[in-house]
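Protein chains: 2
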Amino acid sequence: MRFDLGEWSSERLTRIESALSQWVVADAPAGLGEAMRYAVLDGGKRLRPLLVLAASEAVHGHDEAALRAACAVELIHAYSLVHDDMPCMDDDVLRRGKPTVHVKFGQAKALLAGDALQALAFELLVPNTNTKAPGIPDRVQATLCRLLAHAAGHAGMAGGQAIDLASIGVALNESQLREMHRRKTGALLEGSVMMGAACGEAGETATRELRAYGSAVGLAFQVVDDILDVTADSATLGKTAGKDAHQNKPTYVSVLGLERSRAYARELLDEALRALKDSGLADTRALQALAVMVVDRDN
Amino acid sequence: MRFDLGEWSSERLTRIESALSQWVVADAPAGLGEAMRYAVLDGGKRLRPLLVLAASEAVHGHDEAALRAACAVELIHAYSLVHDDMPCMDDDVLRRGKPTVHVKFGQAKALLAGDALQALAFELLVPNTNTKAPGIPDRVQATLCRLLAHAAGHAGMAGGQAIDLASIGVALNESQLREMHRRKTGALLEGSVMMGAACGEAGETATRELRAYGSAVGLAFQVVDDILDVTADSATLGKTAGKDAHQNKPTYVSVLGLERSRAYARELLDEALRALKDSGLADTRALQALAVMVVDRDN
Numbered sequence: 003m004r005f006d007l008g009e010w011s012s013e014r015l016t017r018i019e020s021a022l023s024q025w026v027v028a029d030a031p032a033g034l035g036e037a038m039r040y041a042v043l044d045g046g047k048r049l050r051p052l053l054v055l056a057a058s059e060a061v062h063g064h065d066e067a068a069l070r071a072a073c074a075v076e077l078i079h080a081y082s083l084v085h086d087d088m089p090c091m092d093d094d095v096l097r098r099g100k101p102t103v104h105v106k107f108g109q110a111k112a113l114l115a116g117d118a119l120q121a122l123a124f125e126l127l128v129p130n131t132n133t134k135a136p137g138i139p140d141r142v143q144a145t146l147c148r149l150l151a152h153a154a155g156h157a158g159m160a161g162g163q164a165i166d167l168a169s170i171g172v173a174l175n176e177s178q179l180r181e182m183h184r185r186k187t188g189a190l191l192e193g194s195v196m197m198g199a200a201c202g203e204a205g206e207t208a209t210r211e212l213r214a215y216g217s218a219v220g221l222a223f224q225v226v227d228d229i230l231d232v233t234a235d236s237a238t239l240g241k242t243a244g245k246d247a248h249q250n251k252p253t254y255v256s257v258l259g260l261e262r263s264r265a266y267a268r269e270l271l272d273e274a275l276r277a278l279k280d281s282g283l284a285d286t287r288a289l290q291a292l293a294v295m296v297v298d299r300d301n
Numbered sequence: 003m004r005f006d007l008g009e010w011s012s013e014r015l016t017r018i019e020s021a022l023s024q025w026v027v028a029d030a031p032a033g034l035g036e037a038m039r040y041a042v043l044d045g046g047k048r049l050r051p052l053l054v055l056a057a058s059e060a061v062h063g064h065d066e067a068a069l070r071a072a073c074a075v076e077l078i079h080a081y082s083l084v085h086d087d088m089p090c091m092d093d094d095v096l097r098r099g100k101p102t103v104h105v106k107f108g109q110a111k112a113l114l115a116g117d118a119l120q121a122l123a124f125e126l127l128v129p130n131t132n133t134k135a136p137g138i139p140d141r142v143q144a145t146l147c148r149l150l151a152h153a154a155g156h157a158g159m160a161g162g163q164a165i166d167l168a169s170i171g172v173a174l175n176e177s178q179l180r181e182m183h184r185r186k187t188g189a190l191l192e193g194s195v196m197m198g199a200a201c202g203e204a205g206e207t208a209t210r211e212l213r214a215y216g217s218a219v220g221l222a223f224q225v226v227d228d229i230l231d232v233t234a235d236s237a238t239l240g241k242t243a244g245k246d247a248h249q250n251k252p253t254y255v256s257v258l259g260l261e262r263s264r265a266y267a268r269e270l271l272d273e274a275l276r277a278l279k280d281s282g283l284a285d286t287r288a289l290q291a292l293a294v295m296v297v298d299r300d301n
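Residue numbers (the working numbering), protein chains in the order written: chain A, 3 to 301; chain B, 3 to 301.
Among the hints, a few may not be true.
Among the chain B residues that face chain A by a calculated CB cut under 10 Å, a handful are [to be verified]:
#, residue
1, 33
2, 94
3, 95
4, 96
5, 99
6, 101
7, 105
8, 120
9, 122
10, 126
11, 128
12, 148
13, 156
14, 159
15, 166
16, 253
These stretches of chain A come out as covered by chain B in the derived footprint (C-beta under 8 Å, 3 or more residues) [what the hints assert, rightly or not]:
#, segment
17, 16-25
18, 54-68
19, 88-101
20, 137-144
21, 202-208
22, 292-298
Rather than coming from a laboratory, the hints here were simulated on the basis of the structure.
Just so we're clear, the structure is a prediction, and the values are computed from it rather than from any experiment.
For every residue, glycine included, the Cβ atom is placed at its ideal position computed from N, Cα and C.
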C-alpha cells in the first residue's frame, strides 16, 4: 500500500500546532508568554514531534502521551535555539526567517523564555491526574521525563553544545565530531524516537532497533545540516547560511569533504532503514519516510 | 522533648552535600561539569533541601525520593542564580562570597551550565528502575516532576523573574509585590515543602496545611531578604548588599517601610506555625524550627 508522507504529516502537524498553541501559555506574566509563543509557534519543520508520533504509532502507543511528548521535545528544541542564538553563544539575528527572540524581546526575556520553555516541557509530560479522562499511566509519565531529561542535559544536548563551544577553531577528527553531534543534535532526535516508543509497549528487539534508527537519523540530520550550510542560501534555510565555516567550526564537510559527507548521509539512511526492518514492527512506513526526508531535504 | 535544629540539620546537610557532589557530574564534557559543580557545591544555606527533608519526615516519606527531591530543588535554585547573575539580568559579580559563574567560566558556559542543571534536576527525580534497590514508586516520581516543573516554570519562578525584570523603576503596590514574590521565590520554597509531602502519604488536611506553611515561609523568606538587603553588609550576606535599592527595584522595605516589614515577617511566621499545628501531623518540629530560622536569620 502506498504511503504518502505529506498526507500523514498534514493531520499530525495540525494536531501538534494546535496543542502547542494551547499549551504554550499566552498568559504567563510580564510578556513572558508572548516571548515563549514567539519562540515556538509558526515555525520549524516539527521533525522531532513527527518522530515521536511516528514511533508511538509504530508501537500502538498512548495517544495523549505521544502528543504531549511530541510537544515537549519541540519545546526543548525551541528553548535551545533561543539560548543558542544569544550574543554570548552564536550571536545570530535570523531564525526561521524572523528576528531571533533576543532581538525582538531583549536578552533578559530571551533567557527567561528559554528557561520557562524547558520547565514547561517537563510539565507537559506529567499532567495532573485529577481529570475524568483515562490518564497516562504513571510509569509512562516517569519514563518520558527520564528520556527527555537525559536527552536534554549534560549527557545530551547541553553537553554537546559545550563541546561545540569549545571546538571553535579546533581541528576535530571524525570520531570527535561524531561524539559532539551525537550529543548536540543526535540525543534529542534519538530521544524523540525513544519517547514515542515509551508511549506503547515496545519489546526488547523493537526498542533496540528503534534506538539504532533514532541514532542513525540523528547523525544523518547533522551531516545534512553541515552539507546545507555550505550548499544552500539563507533564504532557503531560513537561517544564516555559511555560519559554521564563518565561525571556523568543524563540520562534516570540513572534515570529510562534500562528496564523502553526502555518501555518509546515504549510509546512515540505509542503517536507519535496516534497523526498522529488523525491529519486527508491522508498520514503520512513517518512520521510513521521515528518515528519507531528513536526508533528502533542502532546508 | 527539646529539638536542636543545628543537630537535626547537621546530619541532613552531610547527606545533601554528599548526594549533590555525587550527582552533579564532574565528567560532563568540555568543562561543563566543572561549571555545574562550581554553581552548586560548597555554598548556600540549603534551605530548600532541608524543607524537603523536613516535610518528608513529617509524613514518613520515602527516604531516597526525599533526598533526590531535595537535591533537585537545590539544582533549580542554583541554575536560577547562575542565570540571574548574568550581565543581561542582574549583572552581579559576587555570589556566596565567590565570583559568579559567568565571571569565572564566561557567559556561554554559564548559560549552558544553568540549562544543564535544570535538566539534571528533573533527571534526579526519575532514576532508572533497573536497579536492585526497592525503587521509588512511579506515582511519586511523576508527582515530584509535576510539582518541580510547576514551581520552576512560567507560573512560578521564571514567571516571577519576568515580573521582577519588568518592575525595575516601577511603583508596585503591596499586592503586586506579593504576587511577584509568590512566584519568584515563594513558588520554589512552597514547592520544596509540597515535594517533601509527596514523598509520603499526606492526607488532605495535612497537604492543605503544609501548602499554607510553605506559602507563608516562602513569603517570609522574601520579606526578610528585603530587610537584610538594607540592614546587612555584603560580607555578612555573601552577596552584594543594597542591590535592590540601587537598581530601583520595589521591595517590602520600600513599599511598607522597615518596621512594618519586620512586623509582617513575624505575622507570616505565626501563620506558618499555626498551619503546622492544624496539619494534624505528629512531629513537625523540624519544620517549625526552619520557619523560625528563616525569619531570624542574619544572612
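Enumerated hints in conflict with the structure, sorted upward
Hints 2, 3, 4, 5, 6, 7, 16, 17, 18, 21, 22 not satisfied by this model.
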